[in-house]
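Build the full structure now, drawing on both the sequences and the hints.
Just so you know, the protein sequences line up as chains A and B, in that order.
Going by the numbering used here, the first sequence runs without a break in its numbering and finishes at 247.
Going by the numbering used here, the second sequence runs without a break in its numbering and finishes at 247.
I should point out that these hints are in silico values taken from the structure, not numbers from a laboratory.
Check before you lean on any hint, since a few could be wrong.
Footprint (simulated), chain B over chain A, 3 or more residues, beta carbon under 8 Å [stated by the list, open to error]: (1) 77-90; (2) 96-103; (3) 107-117; (4) 227-236.
From the three backbone atoms N, C-alpha and C, an ideal C-beta is built for every residue, glycine too.
2 protein chains.
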Amino acid sequence: MQARTLPLAYELYYWPSIQGRGEFVRLALEQAGAAYVDVARERGRGRGVAAMMALIEGDEAHAPFAPPFLKDGDLLIGQTAAILLHLGGRHALAPRDAAGRLWTHQLQLTIADLVDEAHDVHHPISADLYFADQKPEARRRAKHFREGRIPKFLGFFEGVLTRNPAGDAHLVGRSFTYADLSLFQVVEGLAYAFPKAMQRILRDVPHVAALRARVAQEPRIAAYLASERRLPFNEDDVFRHYPELDG
Amino acid sequence: MQARTLPLAYELYYWPSIQGRGEFVRLALEQAGAAYVDVARERGRGRGVAAMMALIEGDEAHAPFAPPFLKDGDLLIGQTAAILLHLGGRHALAPRDAAGRLWTHQLQLTIADLVDEAHDVHHPISADLYFADQKPEARRRAKHFREGRIPKFLGFFEGVLTRNPAGDAHLVGRSFTYADLSLFQVVEGLAYAFPKAMQRILRDVPHVAALRARVAQEPRIAAYLASERRLPFNEDDVFRHYPELDG
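In structure tokens form, the structure reads like this:
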């Protein structure tokens, strides 16, 4: 029998071919240097998409609604923001005090709202329909999203950075939290999906732009982004580049 | 000078004429029997919508993105689910153990997703446009929402109830949590907005229907619902009854 000296690896469950909402969890795990198995991307017994679906459709008391979810020993945690709340405390990716933890979480929930809206730009009618079946609606929604919503959300985070009593290099306190990693990811995604609009918008939020650049240079994040573990953006993902929706 | 013997009342900030997302916080405060001021609904110095907007637009480090938000002494907390996470721990509206707290929060985040989708049914293109300017899109989206999304979400909560190891009367453990109150509220809202569809859907989720009835009979909730503090549903709210979107 093998002696178990290492802590158990986390098991992350998410769709294997997109960054999606799972990417916010991957970035936190990578920055923490945590051991994890990206279960649905692996082959073999108890691995793959089938293993993920079995947990969702199974009869575990805490079976989650949808991916991503994380197994940490006996704990099964769904909802991206709840997973990050859990990881933040374990890996110093959030402040220790209750007020700081709650503020970081609140920022994450606001990023989640922006991610939801970014998704609905290309699926304004239903996620069950193809983009081609809701293109005129998507065009209308995209205009409002680019002109109203992205500036409003990123302007909020610009304000959070400039008002941070510990300095404007991080959203919370003086070191990286999962909220910084998530803001990086949402800006990356928006820049992929709406390159023209984002070039314009980012000029007005210099602290957000600087934070994005700084996260990309963090050694563990940089190594991750250069690895095969980082999936490329694509048009099955939350952030999609459809030129007709940019401008 | 007056001696302060009572704990400070919470200050809730939310739009004064709708239930909206603020209602999930109101229900938790009412069930907790907590003292609170519904600031934007009051008149006078430091009250009203102006006081709410001043906090959002002000230069407090933790100024929130949008209502609802709660002041608890020095703490200023935005995002409905984060507010409930905070209140749940203080008022026994969530389990004490970390796993139970996280599970309750996860359910709340899933309810929040359903609420977002319910809102977007009547605003599929943009929240900045009137319903009249996005009616054909709303009709299309409503069909998918009624036939696919509501049954999927409520079916998930039905499963959570039937799999609860402590019994099927509550979502978590053996007593009321804020998630139960929130599920009540979302079912009330959906039944107001889509009475025909919900009559059909609720037949398939008997435990959800029973929980809804039980929450309404909780003495403090019943007293609240009968009071003037409970605003009526209306067509400026998240849940709107447009007969052409029901069916």
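Against the structure, the hints:
no. : hint    : result
1   : 77-90   : holds (count 7)
2   : 96-103  : holds (count 3)
3   : 107-117 : holds (count 4)
4   : 227-236 : violated (count 0)
Taken one by one, the earlier hints fail for this structure only at number 4.
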